[in-house]
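Student: With the hints as a guide, bring the two chains together.
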Amino acid sequence: MSLSQDDVKKVASLSRLALTDDELAQMQQHLGQILDYFEILKDVDTENVEPLAHAIELHNVFREDEVLESLSREEALSNAPKTDGKYFLVPEILRNDKNK
Amino acid sequence: MSLVGATAAELLSFMKKGETTAVEVMQAHLEQISQTDDKVEAYVQIDTETALKKAADVDARRQAGESVGPLGGLPIAIKDVLCTKGVATTCSSKMLENFIPPYDATVIKKLSEADGIMIGKVNMDEFAMGSSTENSAFKKTRNPWNLECTPGGSSGGSAAAVAAMTAPMSLGSDTGGSIRQPAHFCGVVGMKPTYGRVSRYGLVAFASSLDQVGPLANDVHGAALLLEAISGHDQLDSTSVPKDVPSYTSNLEEPLKGLKIGIVKEHYVDGLDGEVELTVREAYKVYESLGAELIDISLPNSKYCVAAYYIIAPAEASSNLARYDGIHYGHRTENFENMVEMYSRSRGEGFGTEVKRRIMLGTYTLSAGYIDAYYLKALKVRRLIRNDFDDAFKKVDVIASPTSPNTAFKLGGMINDPMSMYLEDIYTISANLAGLPGISVPAGISKEGLPIGLQLVGAPFEEGKLLRAARMFEKETGWTAKRPEIN
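Protein chains in written order, with numbering that gives the first Met the number 0: chain L, 0 to 99; chain E, 0 to 486.
Bound conformation, chain E alone (with noise of 0.2 Å):
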């Protein structure tokens, strides 16, 4: 019996039948932690003694016959944008360097109501704004498949931990990818959820229109039971939904009979990876030895989806991030005479390049004079693609591609070019425009041993079709399974 690298399912089951508890599990991944981190550094916090305390309150509550949450004892990583009280959030910003929320996330609560334990605070790139994890002030994380390789991002921390085998569940957030593209690149299954499915309150926001939170797993079963954990309605966050939250994991095992795979004819283009291609086309094929069908379909819009998504996810971030003013929280500058100075060089001071970029851009596009052409008009393309997804899911049941065109790339290999940085997103930001599920499941390793995952959007609140359309290609394959030697 291992510990690390098991499912949550198996670890829950060994807790169950009194084969091991939750401090055995707790100590063996803070000892993965201790023996993978200084070569992965995917944490950036680790409090220890409090991990072991709650493992040992759920293990005295399990022996006791009292009752123990769905998540009974298992360690959880999380990404350091989810306000922890009275534990250090910084978005990896110096801005927020010394900020101690003085309450949790309404997802933070769920998770300790659910029984998971938080094994400690993860990196990311800095405000979440980045597909490397490069942007982050303080470190950065490897991609335990290939150390020379970024784990991608935003969320690379919340994929690589699950990878390196320190946590067997993480949570993340995906504004245009954030999620499903570090769950791509290191090799494990990674949702985003509806717009709306999971509370925000707590989140530190990027494009409030777009964030959500959302789990990564080393298996289908993992993100199933912690999306069920965070889902529901919150009266703290007036954009989540008022609808029930179904049971994600109770008929997981269910194949679907005659699932619609929907193939976007528009997505196979130059600058997709010849490997990553055939890795999604026999993924295809797998589906439909499964019995399902692939119905070729059109969404005429997707190719503006990038523009549309860098004109309203930096609009959205420059008001966001307004809220820095070296006043409430956050850096304060030393150096200033007056105001307008303190913001100016606080703000200077503390934000990174990428974070500086996206307030300049949304600043731009908002500004008199541009904001017709551009926000305005990103705004009604943004309509358009929704509309070719409506229309699309009342042919088909989830739509196939591949979650970014490209494996993981090397560490510095893009951080001069944003650009390009930018469209590594081509498959993933529509998602977030149009405010649907998205999972990103393991479908096959490259030639240079780098992870391939394949992504499936559903319509809006079809987050269990996804799982379950995930479960059967997993069950069939057992990519998930696969593990890296992390050296």
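Next comes chain L alone, as it looks inside the complex (with noise of 0.2 Å):
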């Protein structure tokens, strides 16, 4: 099967993935090889068949609703590229046009 430049830079932007103009083009390249050999799966019929997301399947895991200790706000924070020491920072979403 073959993927349009166009089907590979949607899915880069699904995939939120900035790449470049060589790495689209391979990406375009390998996708549709590896798309071709999954053809083979049309072979075998799966009518009736129940999917299998899990292989030990484990349904309803519960335990009791406890208060257990988690990280601290620091250790939370430890690893992010950007905060003021109590937030993550993102940065600006909606614009607040009043103050510009």
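No lab work stands behind these hints, which were simulated from the structure alone. Owing to the predicted nature of the structure, the values given are computational and were not obtained by experimental measurement. Some clues are possibly wrong.
[Said to hold, decoys possible] Among chain L residues calculated to face chain E with C-beta under 7 Å, some are:
#1 R15
#2 L16
#3 I39
#4 T45
#5 N47
#6 P50
[What the hints assert, rightly or not] Simulated crosslink set (DSSO-like; lysine-lysine; CA at most 27 Å straight-line):
#7 K41(L) / K264(E)
#8 K8(L) / K93(E)
#9 K93(E) / K81(L)
#10 K84(E) / K81(L)
Built from N, CA and C at the ideal position, the CB exists for glycine as well.
Tutor: Printed below as a string of structure tokens:
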């Protein structure tokens, strides 16, 4: 199955991956080859077969609702690229034009 | 008495008898690292001081007659995919180059409780994606048996560290063969436990329904000892199974009477190297001579394993790796104008080619219009693969096969051909899809001097049986005692 350049760009955008033109071209070629290989699955009759998401099927794993120790704020923020010591800092998402 | 290259059992016995100390054992292995690692390049981080301090603590307790854990001061190399509190955990990715976990993975905690000592963190394919360790953002690890060859992957550092005699054992992780294939390439024992046997808490996630942590060692007993130490239910991993852990070491020496070994007819196809095939067929004969019965079986859906796996694993990866957003931890770009650009550029800069490829693949097969044809189809095929194994284990105790179709390949040999690289996993990935335990045990050396492994796969939670079967073979053949000349 061949992927168009636009298909690859769309997947890169959905994946939130900024790719160079070279990367996009290589991706187009390699993904196409891999998707071709997946065609083999069309030979398998899976009518009435339940999907298997987990090999060891465990259901409804609960525990008591107890408060346990967790990371301190300092530890939780310790690897963040940008914080003010209290919060993770993110770029502006909504612009407040009144103050401009 | 040589400490370097000795097995875990030998080292423990020397220490118990007072012939050596944990500090001397650690020093000898650190010295071996400085002698060999500029060639092998297995290690990404070593903290000599902490390792020696911990060894001295074990010695002090042993001398005072206090209790010492079953790993009694042994040096253990740790794949850099496992979170180690206060010690950088990079997954060999630029994305996590500066990541210092604020907590220990459960297996790391269990290791310390058993008095195993981390000698260093070892290299891997970035985020455990690859079969050669060439996808590391930092360095290329080499195969101690031939420095021009890869050690396999993704736990290439873990396998090379043991083969280079810098540690008697190591921890790796296996999502599609990432412990067993490098064990085969490097001539060591490597085991993937049953899914849920070992906690995944603190294992950086690649494909959550397939990932398992497991041991590598320079003999079967070492693998059994380490598996025993890390296994068990963990409240912090809801997919870990609440099932008692048997002692894998206590009956290891007892041969299995009337062992039934399944030989899968679909396994001997084009692409399987002649010498590898010959070696595993010799191994089957060894088992026959030990009283085992060889039984031909069929796993009719095995030819669909690679396709199902390379849909399911990247799908899970694309979801798991969405967490690298440049906000909570990991790399953040300096060059952006808005939020979406920040995400995309941080990820574009932080991830390597193979990781990007798998995220793209997973995003594609999960996207609207394709999810039924790819992802759901693959999950249905996964059930058929599992059913094949359930049927097979009604007739046999273990299934034997090559671990991988070839011996170690040259560095750079397949790096631009992802599909060929994926086909290297053809014998290993079905155990991950079906959640089964598998072990690779050294079974020979090729004419070119490269190790060849034999894989045994068992029914769920039959690790004990696999280890005993592997031990029977080891005792009869002695292949695990071979050590490479590193030059």
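Student: If a hint holds in the structure, say so; if it doesn't, say that too.
Tutor: Here's how the hints hold up against the structure:
For R15(L), the interface hint holds, the least distance from its beta-carbon to any beta-carbon of chain E being 4 Å, beneath 7 Å. Because the smallest distance between the Cβ of L16(L) and any Cβ of chain E comes to about 5 Å, under 7 Å, the interface hint for this residue holds. Taken as an interface hint, I39(L) checks out: its beta carbon lies about 5 Å from the nearest beta carbon of chain E, inside 7 Å. Interface restraint check for T45(L): the shortest CB-CB distance to chain E comes to about 4 Å, inside 7 Å, so the restraint holds.
For N47(L), the interface hint is violated, the least distance from its beta-carbon to any beta-carbon of chain E being 9 Å, above 7 Å. Contact between P50(L) and chain E, as hinted, is supported at the beta carbon level, the nearest pair being about 3 Å apart and thus within 7 Å. In summary, the hint linking K41(L) to K264(E) is supported, as the alpha carbons are separated by about 22 Å, within the 27 Å threshold. As the CA atoms of K8(L) and K93(E) are separated by approximately 23 Å, the hinted pair is consistent with the 27 Å bound.
In summary, the hint linking K93(E) to K81(L) is supported, as the alpha carbons are separated by about 17 Å, within the 27 Å threshold. A threshold of 27 Å between alpha carbons decides the hint, and for K84(E) with K81(L) the separation of about 21 Å falls inside it, so the pair holds.
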